[in-house]
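Enquirer: Residue-level listing of the chains:
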Amino acid sequence: MAGLELLSDQGYRVDGRRAGELRKIQARMGVFAQADGSAYIEQGNTKALAVVYGPHEIRGSRARALPDRALVNCQYSSATFSTGERKRRPHGDRKSCEMGLQLRQTFEAAILTQLHPRSQIDIYVQVLQADGGTYAACVNAATLAVLDAGVPMRDFVCACSAGFVDGTPLADLSHVEEAAGGPQLALALLPASGQIALLEMDARLHEDHLEQVLEAAARAARDVHALLDRVVRQHVREASVLLGD
Amino acid sequence: MLQKREKVLLLKTFQGRTLRIVREHYLRPSVPCNSPLCSQPTVCLNDGKLLSSDVTHYMIPDWKVVQDYFEILEFPELKGIIFMQTACQAVQHQRGRRQYNKLRNLLKDARHDCVPFANEFLQDCYLPREQGESMEKWQTRSIYSAAVWYYHHCQDRMPVIVVTEDEEAVQQYGSETEGVFVISFKNYLDNFWPDLKAAHELCDSILQSRRERENERQESHRKEYPEHLPLEVLEAGIKSGRYIQGILKVNKHRAQIEAFARLQGASSKDSGLVSDILIYGMKARNRSIHGDVVVVELLPKNEWKGRTSALCENDSDDKSSGESTSEPMPTGRVVGILQKNWRDYVVTFPSKEEVQSQGKNAQKILVTPWDYRIPKIRISTQQAEALQDFRVVVRIDSWESTSMYPNGHFVRVLGRIGDLEGEIATILVENSISVAPFSEAQMCEMPVNTPENPWKVSPEEERERKDLRKTHLVFSIDPKGCEDVDDTLSVRTLSNGNLELGVHIADVTHFVAPNSYSDIEARTRATTYYLADRRYDMLPSILSADLCSLLGGVDRYAVSVLWELDKTSYEIKKVWYGRTIIRSAYKLFYEAAQELLDGNFSVIDDIPEFRDLDEKSRQAKLEELVWAVRKLTDIARHVRAKRHGALELEGVEVRIQLDEKKNICDLIPKQPLEVHETVAECMILANHWVAKKIWESFPHQALLRQHPPPHQEFFSELRECAKAKGFFIDTRSNKTLADSLDNANDPSDPIVNRLLRSMATHAMSNALYFSTGSCAEEEFHHYGLALDKYTHFTSPIRRYSDIIVHRLLMAAISKDKKMESKENLFSNKDLEELCRHINNRNRAAQRSQKRSTELFQCMYFKDKDQETEDRCISDGVIYSMRTNGVLVFIPRFGIKGAAYLKNKDGLVISCGPDSHSEWKPGSLQRFQNKITSTTTGGESVTFHLFDHVTVRISVQASRCHSDTIRLEIISNKPYMIPDTELFHQSSLLLKSDLVKEVTRSVEEAQLAQEVKVNVIQEDCEKYCQTKGRSLYTLLEEIRDLALLDVSNSHGI
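Each protein sequence line maps, in turn, to chains A and B.
Taking UniProt numbering, the leading residue of the first sequence gets 1, the next gets one more, and so forth.
Taking UniProt numbering, the leading residue of the second sequence gets 1, the next gets one more, and so forth.
Just so you know, these hints were derived from the structure itself, not from any lab.
All C-beta atoms, glycine included, are put in the ideal place defined by N, C-alpha and C.
Among the clues, some could well be false.
[What the hints assert, rightly or not] From the structure, some residues in chain A lie toward chain B, with a derived Cβ separation under 8 angstroms:
| no. | residue |
| --- | --- |
| 1 | Asp9 |
| 2 | Gln10 |
| 3 | Tyr12 |
| 4 | Asp15 |
| 5 | Gly16 |
| 6 | Arg17 |
| 7 | Arg23 |
| 8 | Lys24 |
| 9 | Gly44 |
| 10 | Asn45 |
| 11 | Glu85 |
| 12 | Gly167 |
| 13 | Ser174 |
[As the list claims (entries may be wrong)] Keeping only pairs whose Cα atoms sit at most 25 angstroms apart, straight-line, the calculated DSS-like set for lysine-lysine is:
| no. | chain 1 | residue 1 | chain 2 | residue 2 |
| --- | --- | --- | --- | --- |
| 14 | B | Lys7 | A | Lys24 |
| 15 | B | Lys223 | B | Lys340 |
| 16 | B | Lys574 | B | Lys818 |
| 17 | B | Lys973 | B | Lys725 |
| 18 | B | Lys340 | B | Lys376 |
| 19 | B | Lys567 | B | Lys456 |
| 20 | A | Lys87 | B | Lys7 |
| 21 | A | Lys24 | B | Lys4 |
| 22 | B | Lys692 | B | Lys735 |
Pulled out of the complex, with its shape left as it was, chain B reads as follows (with noise of 0.2 angstroms):
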C-alpha cells in the first residue's frame, strides 16, 4: 500500500565532516485533502475541519510568503488558506519553532477557514529533489505541482491561486495549467482584498522593514553588542553549570540600567544560589528583551554590583545614583537566548519636535514602548506624522548585533493619546488581552430563550438528571443586584434525621460542548476579565446571565454535590455528586440573609419572593427559610472549626483578594457579614471534596489549585515593621501567622494592622492551578486554606478552569458507573499547558484591572486644581522606607505611591514649627524603621513608619506612558480628620459628593441631557451584573466626568 522512496540528505556533523544519511520517504495513495469539493471522499477520508464551501477561490501560499507575511495570513477574513506541507516544513526549519507553532495553532484553529495537505506524503505529489536543483527551487516546483493536483482533484471547480514572492515562479508556471493561477503576494491582495486595508498597511509595513534590513545587513557596521553563543554551546554550558538559563526581568523603575534574571527550576538548584542574578546596563542585557529566556554568565566577583534602593523617577536615564546601592550581588551578563518572547507593543511616536531632533534618518523613527521596560523600537514609517498623536501596536522584527535598538514595523492604530477608550485599548494589548466580539459561528450554537421561543427542560435531560424540584428547598445568596448566579445551596433534614447538605453549581458544560466554537473562545479568554468601569465576559451572555444564571423561580439545570452529614457532630456520612435540575425558590443578597439570621424579620419586604403570598403561607415559607439560612451558619461554623488548625485563613486568602483590588474594596463595609463566611465556606467544601474525587478518578491529569508555602526570607520586612510598633509575628506556620496578624491589632490605628496583612500578603506566593500528574502529592497543599487538595469547581461561568473541573467531574462519574466517558479529557502534557495558560490570562486579567483603576484615578485628579482643591489633600500612612524617600499608603483613596524627601535639585524636606514643608538644603540619614531629613541650618525632621502625614496628591502627566500619580508630603503632622476611624464615613461622603458632582457637571454641561443620563442608566444595568461590592459604580460615575471632558475639550 505504502511506497518507499530514499531521500538521500548530506549533513554537516559537529566536527564539520559531511556525513550522508539515507531516510526513507513513504508515499501514500491518499491523504485527506480538506475540501468539501473533494471528488473521492470515501478514499480521502476526510475528518476534522474542511475549508468552508462558500469561498470563490482556494489560495496556496508558497514557503516563502508563509515565512514573510504570516501575520496577514492569519487575518479571518482571508478564507481558503491551503497549507502545503512543504511550506510548513521551511517554516520549521527556517524561522524556528515559535513561528511553527503559531502556524500549527492557526491550522488547529476552528475558527480560522485554513487546512494543511500533507503533499510530500502523496504519491501523485511527490517530486524527488533533482540533481543540482537549489532547495527553493524545489520546493516552489513541489507547492505547485500539488496546487495543480488539488485543483484536478477538486474535479476542476474552484480555481486555485498559488501566491509566491518568487517572479521567475510567476513567469514559468504563470499560465502553465489552466484554473491555476500563480501571482505574487502583493497583487494577490489588490486583486482579490482591495477593501482589508489593515493587511495592506501591515504588507507595506512588513515589505519596507524587510528592504531596511537587507540595506543595513550590506553596510558594515560596528558591533554594538557582543554575538550570541551557538545553542550547542548554550545547553552544553548549561548542563556543566558554567552558564546559567532564566527569565530576565526589567526593573519597571530603573529599565536602561537594572534587569535580573530569575532563576528557573534546576539551575537554581545547582549552582548554589538562591537570590536573583544582577544584569547591569543595556550591553549587559546583550539585546535581551524583559520575559525572555535567557542564559547568564556570571561576571568575577570584584564586578558585582548591588541594586539600587533609592526612590527613582524613570525619565533621568543613564544618571545613576552609585551612592545608594545595597551589598554586591550576584552580577553576570547574558551570552545568549533561548527563548524570545516578543509580543505586540504599544507604542507613542515622538511629537514633531523631537523628530526633528532625531535627526538625518527620517524614515526610520525610534518610538517609545508604553511599557517602561521594552526598549525604544526603531520604525521605518512615513506616516509618523500622521500617527503622533495616537497609540499604535508595534511588533519587533530582529535585533542585530550591530544596533542599537531593535527593528519593527507598524501593525495597528489604538486610539487617541489620553482618551479613555484608546488608553483602556492600551492596557488590554499591553496584557495581551484580545476581546472580540463573540463571533457568529459561536452565537449559532447557542440556545434560544426568547419570549416567542421559550427555553425548556428536555424530556431526556429530565429522565437523566435528578430532579430536585419539588425535594430541596434552593436558594442563592449573592451580592444585590448580582445576575450571573452560578452558586446556589440548600439543606433538609431526611428521613433518618441526619442533614443533608447541597451546593448546586450551574452547569455550564451542559451548553458548552468541548471545542466546540464557544468552548475555543472561552478557552482563550480563560476568565472574564473586570476593569474598573466595564465588563468583558469569557461566555455569551445568553449563558451568563440568563440560561446558566441560577436565577429564582425558574428551572435550570445544575451540577450538585450532596452531603449527608451526620445530625449533631455534623460528621461526612456520604456524598453524591451528578447532574441535577433545580429551581431556586430565593435570590436573597447578604445583607437580607444577614438580616434574617440576626431575627430581623422586617427584611422580608425587600424579598420579591414573599411580596404576593398571604400573610399565613408567607409566615410558614418564612421559618423554612430561616431554618435553613441558620442551620446552613451553623453547619459551615462546624466545617470550618474543623479545617485542622486554620481558622483564620480563609479570612486571610479573602484578604488577599481584597487587598490586591484594595482601591476597589476600600468602600466595602469593613466588618464582613457571617453569611459571606457561611456561603465561602460552602463553596470551600464543595471545592475541596471536587478535588479529592477528581483527583482519585484521575490521578495524573485532574486539575488542581495549589498555594506553596512562602518563603521565609520574604517575611523580614514584614517582620522589621510589626516590631516598630511593638508586635511580634510568628510566621513559621500559616496558623501562627493568622494569629500573630490577629494580635498585631493597635487599637488607636486600625491601619496598621491592614497594612500588616497587606505585607503579609505581599509575602506570600500567588496560588495557581496546575495538572496533578506533574507535581509530586506533598505539592498539592493549600497554604491559605489550610488544605491538602483544593480547586475551582463553583463559578463555570466567568472561570474556564471551573469548567474543566466539571468535565472531570462527570468523567468521573461516569467512570464509576462503568461506562465509557463521552468527554475526552485532556493528558497531563496538555493539562499542564492549559494551566499555564490559566495562570497567564488570571495575571493578566488582575494587572489590567489594577491598571485601569489607575488610569480613572489618575484621570479624576488631573483636572483638580491641587492647590484650592481640598480633595487633592488627603491623610497617609509610611509604611516603606527607601534612602531618599518613603513609601505612602492613602486609606481614603486606597492609593500606594512614593513620596520623595529630597527632590531633582537634592533639597531635602523640612518642617517647620507649624509642620508645614519646605524644601532646603541638607541631607538625608536612613535608619531601619525611620528617617531623619537634617538641613544646613540644623533644623531635622524624622518620619518614622506608620507615622500619619498629610500628602498632596497631584497627577504627573506623561505622553508615552500611562499617567502617574505623584505624592507629595505637605505636613509631619496627621491630615485634619485625624481620627481614623472616620475614613470610612468619610469615603462614604466623598461617594455622595461625587454623585452630586456629576449630576452637577452632567447639567452644566446640557449635552443631550437626557441621553447622557440614560447611558448612565444603561451602563449601570450592564455592567452591574457581579461586581456589586465593588468602587464600580463610584469608579464608573467617574467615568462619566472623564467622558464629560474629553467630549467638551474635543467638541468646543
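Okay, chain A solo, but in the shape it has when bound (with noise of 0.2 angstroms):
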C-alpha cells in the first residue's frame, strides 16, 4: 500500500505517536531461575526473551579461549509464531547469524571482557512477537539479563531505531513504518558516556540527514535508558526486601 501517510499533516504518525515518542516499554528482569540471568521486554508489541549463562570454562574446543578477555557468544532466534504468517525459521539461517553477530559486537563493546580471561559468557535472545525494532528489543532484553547475571558492565548498553520521514526523523520504528521502505537507522548507545557500540543503516540516506536522525536515536536511546534504569532499581529494590527477610 503506497497510500498510506507515514506523518500526517498534523505530525501524527499511523499509530498515533508523534514523530520523537517512543512505543510502551514493559520490562522485568530475573524471569527464570536456572540462567544466571535473564529478562523480559515488550517495546510496543515486540517481546523478546533474553537469556545470559556465564561467566563460565570454554565449552567445546578449548581453542576458542581468549588469553587476555572473555568469549561473548550471542545466539538470536525467533519464533516461529512471531509474525503475521506463521513461518518456520531453521536455526542459524542467515539473518539469525548476523543479528547474532551484531549482538556480539555490542557487548564485546560493554561488557568489561578483560575481568574474566579464558571464560565465556554466553547470552540467548528470542523473539516472540515481532513488531518493528527487533534488534533494539533484543539489545535492551540482553542489557537487563547480563545485568541480572551480575556480570561487570562498563554501562548500560541501549538501543533504538530512527527512520526518515518526510523530513522528519521517527523515533523507534513500528512495523508498518519498517515496511514502508524508508531509511532505517538501528543504535546501541553507552548512555553514560555518550560512546555509539553499534551504529547500523540499510537503505539510502543523505548526509546532510544523518545527524539529525542520529540525533534523533540517541534522544530515543536516552530515554529508553531512563525507563531500563528504573526497571533495574525496582528489580534490586525488591531483591533486597526479599533478602532482608
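Assembling the complex is the task here: the two chains are given apart, and the hints tell you how they should meet.
Expert: Now the structure itself:
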C-alpha cells in the first residue's frame, strides 16, 4: 500500500505517536531461576526474552579461549509465531547469524571482558513477537539479563531505531513504518559516556540528514536508558526486600 | 502519558488468505482543538490555524459528506468547518490520493476557515469498533461522539452541527445531545446558506450525476472499453519492462484518432525507445484523457502505424486519411491509468437542433469541450436549454468501461459565447488560472501609503541596511511609461581607483512575509499574467506600482549586488550582497538612454529630472549621468565578451522570448538598442552571481534555472530548410549555432533569417526552474546564456521564483554572519514541487497570452468583408511543407497558419498565367522542400520553401471552440508591396490606420462618447505599466472595436 501516510500534516504517526515518541516499554528481570541472568521486555508489540549464562569455562574446543579476555557468545532466534504469518525459521539462517554477530559486537564493547580471561559468556535472545525494532528490543533485553547475571559492564547498552520520513526523523519504528521501505537506522548507545556501541543503517540516506536522524535515535536511546534504569532499581529493591527477611 | 490500545485488522493477502494483524494505537490526553473558544488552552497547545471566532456555529461533515460534497466544502463562504480525522482517513482510503491531497491543501490553506481534529488519537473521543459493527456505522458513531466532545470542550458556547447523509444517523443522534444537531447536507444548505446559489446548483448537479451513475450500474451494459488492470499488475509490469509508463498527449488536430504516450524518465532508458508511442483510436486510448499518466502495452510490430502528416481540420471526425502516413512508429494501447489529471473543462452545450437529434434520453446531454483534445462529456441536467448560449465549466466524475463518454456535472457559467469577457474567462479556466481580486485579509497586511499618511523609511531598517542614498548615483532604465520598476543600476569610482558596479532590485520580501496571505496568493499565481489586453498582477498594486517600485526621487528598500571591478581589465575583485536603501535619481527610458550614449543631448528635455535645474548644475549632473551610462555600457561589453564563447547567445535567449509572442513583437524596432543589451547584461550578471552565492550556501535547496541543451534530431528540419536556401547550420554547440544563424542571412529577404531563428527556437527545450538537490551539478548549465549557473533574481514584483531567490540570498547572508536564519527555507522536496508549480504556471501564462492574442486577431478579422477589404489580403512566406498544404507565416500580422493546396472536394490549386489561383481537379506531389500541384489539364504550379505568396485571411467561426484564422493562397506571387523591407513601415501605417478607425467608429457609434474615451484612457493608464514595448496599444484599440461591435449588436 503506497498510500499509507506515515506522518500526517498534524504530526501524528500511523499509530498516534508523534515523531519523537517511543512505544510503550515494559520489562522484567530475573524471569528464569535456572539461568544466571534473564530478562523479558516488551516494546510496543515487539516482545523479546534474553537469557545469560556465565562467565564460565569455555565449552567445546579449548582453542577458542582468548588469553586476555572473555569470549562473548550470542545467539539469536525468532519464534515461528512471532510474525503475522506462521513461518518456520531454521536455526542458523542468515538473518539470525547476522543478528547474533551484531549482538556480539555490541556486548563485546560494553562488557568488561578483560576481567574474565579464558572464560565464556553466553547470551541467548529469542523474539516472541516481532513488530519492528527487533534489534533494539534484543539489545535492551540482553542488557537487563547481563545486569541480572551480575556480569560487570561499562554501562547500560540502550538501543533504539530511527527512520526518516518527509524530512522528519521518527524514533522507534513500528513494523508498518519499517515495511514502508524508508531509511532505517539502528543505534546502540552507552548513555553515560555517549559512546556508540553499534550503528547500523540500511537503505540510502543523504549525508546532510544523517546527523539529525542520529540525534533522534540517540535521544530515544537515552529515554530507553531512563526506563531500564528504573526497572533495574525496582528489581534490586524487590530483591533486597526479600533478602532482608 | 500515552495509553496503549490495540487494533485488530483482518487483511487479505495477495494470495487470498486472510491475515490477522494487530496494530498498536496510542491515545493521548489532549490534541490541539484549534478553536478560539478552547476551555483549556494550556492543555490543547494550539498552534497554527484557528477557526475564526465570528461564526454562528461549527460544522462537522460526516465521512460520506466529505467524500461526495467536497467541492462544496471548498467554497470560501462556508466557515467554521471541522474535519474529523475519521472522515479524512475515509477519504484517503476510498477516494485515493488525489482527493486526499486536495483535502490536505484545503486544511493547510490559511485563507480557508477549516481545521482538522485528530479525534481518533484523543482518549476521550476514541471509540473502539465493536464486534459486528460495520465500518460505516463505526465512522458515523466516532464522528458524532467527537462532535459532542468538541461541543463540551468549547464550554457549550458554540452550537455544533453534524452534517450527514445517513438518514438513520439523523434519526438516532438528532436529539441526543442538546447543542449538537445532526441534519442532512441538503437541509444544512437550505437552512444556513439559502443565498449561496452556486453551492445549491453544484449540490443538485452532484446529486443528479450520482443518481445517474447508480442507475447505470444497475443496468447491465455491454462493455465499450476493456477494464483497466489492477495497480499491482501495472507496477510489476513497468518494472519488468512489459509495460511502459508515459503521459498521454492527444494530437490537437486529430483528437479522435491520434494520441501519443510521452515516455517518462526511467522507462525511456530501459526500453530503448526514443520516440513517443502512438495510441491509435479511442478504443486503444481506453478512457484516458489528455494529461493522464498512463501505462501502455506495445502492440506487435505488424500492427504498428505511422503518424499522419497531412493538414487536417478537426471537424472531419473519423475520416482517417490513411494514404498520407509516415513510416510506422511504435504503437500501443493503454492498459491502465496511474494518475488521472482531470481538471475543470470549459464546454458548450449543443444547440437546440442538435439536442433533438441526440434523441431519446433528454436528461443526459453530450457537451463539447472547448479544448479539442478532451472527449465529449455526458452531463445530466435539466437546464440544457438555458445554458445553450453560454460557455460553461464542468467536471468529469467518472468514466465506466460500459460508457462511450465520461460522465460529468455542471459547475458554473462563464459567459456568453463570442463575448469578449466570456472568451477571456474561458482562456483563463482552460489554463487553470484563477485570478480572484485580492482578498480583504491580504489587503490588511499591506503597508499604507496615502497623502495623509505617507510611507516612510523606518529607523530600525535604516540602522540595519546599507544606506546608498548619499553615496551612489542610482538610476533605472525601463520602457517608456513603465510603473513597476524592479531594477536599478549604479556605477562609481572607488577611492582606490577601481570601479564599483551595482544592481539594485526592489526588496519585495521585506513586505511579503513568508506564509502570509499575500505570500500564499503570490505563490498560487506564481507570476503576473499578461493577456493581450489586460494584466493580472501577482502582488497587489500598492506594492507592485508603488512601494516596491524603485521610482525616481523617493526612498526605497532594495536588495543590492555590488561588484568591485578592476579599473582597466574590469575583472571582478569583490562582490557584496545585502539589503540597502536607495533613492533612484533618474528614471530613464531606453530611447533616451541610447541618445545620451550616442552623445545626442537634445533628449534631456524629455527627462523630467533635469527640468527644474539651472543651467550650471544641469550641465554637471548631465555629465555625471552620461559618464555613468557610458561606463556601464563599456563594462557590459566586457562582461559579455568574457562569457566564454557565447557572444550571440544572449541574443538568442531574448529572441526566444520575442518569437514566442511574435505577434506582439512585430511592431518593435527591428534593431534592438545597445542600451537594451547593457541592461540585460547587468541583470544576467546579477542573476549569475546570486545563483552562485545561493548554491554555495545551500547546495541542496537553492532554486536555479537551467536550460538543457536541445536534442540534435530536432534540428533536422532547420537544417533541411536552411539547405533549401543554400545555408549551412552547424548545430553542434551553442556557439556554432549562433554563428551559423548569423551567417544565414539572405540580403534580399530578411524574413528568411527570422524564420530560421524561430525554427531554431522551436527545436530548443524550455528553460526551467529546478531545485539543486534534485539534479546533478553538470545539469545546472544554461545553454542559451552559456553560463554554468543561472537563476532569476531581478524581477521579484512579477515572478514568484525571484521572491524565493531573494529569501535564499537573505538566508545565505545571515548564514555568513553566523546568524540564525529567521526564514524557514524550503526543503529540497518542497522546493522541487514548487518549481514544478512555477514552471507549470509560466507555461500556462505563455499559453494564455498566445491564446488571447489569437482571440483578438480573430475578432479583428471577423467583421471584415474579405472580398473588399484589402487588409485581409497580405503577403505570406511558406515555411513548412505538408502533404496537402503548406504552413505560411504572415510577417505583417505575425500570424502563422496552414493553407491548403487541396480542398475538401479533392480539388487542387492551380495558378493561371495572371498568377491568380483557382481550384481544379488534379493531384499533389510533395518533395523535400517543394510541393507541386498538377491539374488534370496538365498545368502545374510549384511552391518552394520561403516562397512569397499572397494569402487571404479569413476567420473560421466555431461555436464550441475558439475561432481560428484561415489562410487561402490566392496567388503564387508576392503581394503588392513585395519590398519586404517596407513591412515594418507598413505595420506602423497599420497602427495609425487602426487608431483612426477607432476614433471614427467611436464617433459614428455616438454612444456616450466621452465616457468611452475616458474609459479607453483609463484603461491605457492602468495597463501600460509594464509592457511598454508591445503590441499592447494596438490590441487595446482592437479590443475597443470589439467592444463597440458587441454592444451594438446587443443594444439594438
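Enquirer: None of the hints should be skipped; say for each whether it holds.
Expert: Against the structure, the hints:
{"no.": "1", "hint": "Asp9", "in the structure": "holds (6 angstroms)"}
{"no.": "2", "hint": "Gln10", "in the structure": "holds (6 angstroms)"}
{"no.": "3", "hint": "Tyr12", "in the structure": "holds (6 angstroms)"}
{"no.": "4", "hint": "Asp15", "in the structure": "holds (5 angstroms)"}
{"no.": "5", "hint": "Gly16", "in the structure": "holds (4 angstroms)"}
{"no.": "6", "hint": "Arg17", "in the structure": "holds (5 angstroms)"}
{"no.": "7", "hint": "Arg23", "in the structure": "holds (7 angstroms)"}
{"no.": "8", "hint": "Lys24", "in the structure": "holds (5 angstroms)"}
{"no.": "9", "hint": "Gly44", "in the structure": "holds (5 angstroms)"}
{"no.": "10", "hint": "Asn45", "in the structure": "holds (6 angstroms)"}
{"no.": "11", "hint": "Glu85", "in the structure": "holds (7 angstroms)"}
{"no.": "12", "hint": "Gly167", "in the structure": "holds (5 angstroms)"}
{"no.": "13", "hint": "Ser174", "in the structure": "holds (7 angstroms)"}
{"no.": "14", "hint": "Lys7/B with Lys24/A", "in the structure": "holds (15 angstroms)"}
{"no.": "15", "hint": "Lys223/B with Lys340/B", "in the structure": "holds (21 angstroms)"}
{"no.": "16", "hint": "Lys574/B with Lys818/B", "in the structure": "holds (20 angstroms)"}
{"no.": "17", "hint": "Lys973/B with Lys725/B", "in the structure": "holds (18 angstroms)"}
{"no.": "18", "hint": "Lys340/B with Lys376/B", "in the structure": "holds (17 angstroms)"}
{"no.": "19", "hint": "Lys567/B with Lys456/B", "in the structure": "violated (37 angstroms)"}
{"no.": "20", "hint": "Lys87/A with Lys7/B", "in the structure": "holds (23 angstroms)"}
{"no.": "21", "hint": "Lys24/A with Lys4/B", "in the structure": "holds (7 angstroms)"}
{"no.": "22", "hint": "Lys692/B with Lys735/B", "in the structure": "holds (23 angstroms)"}
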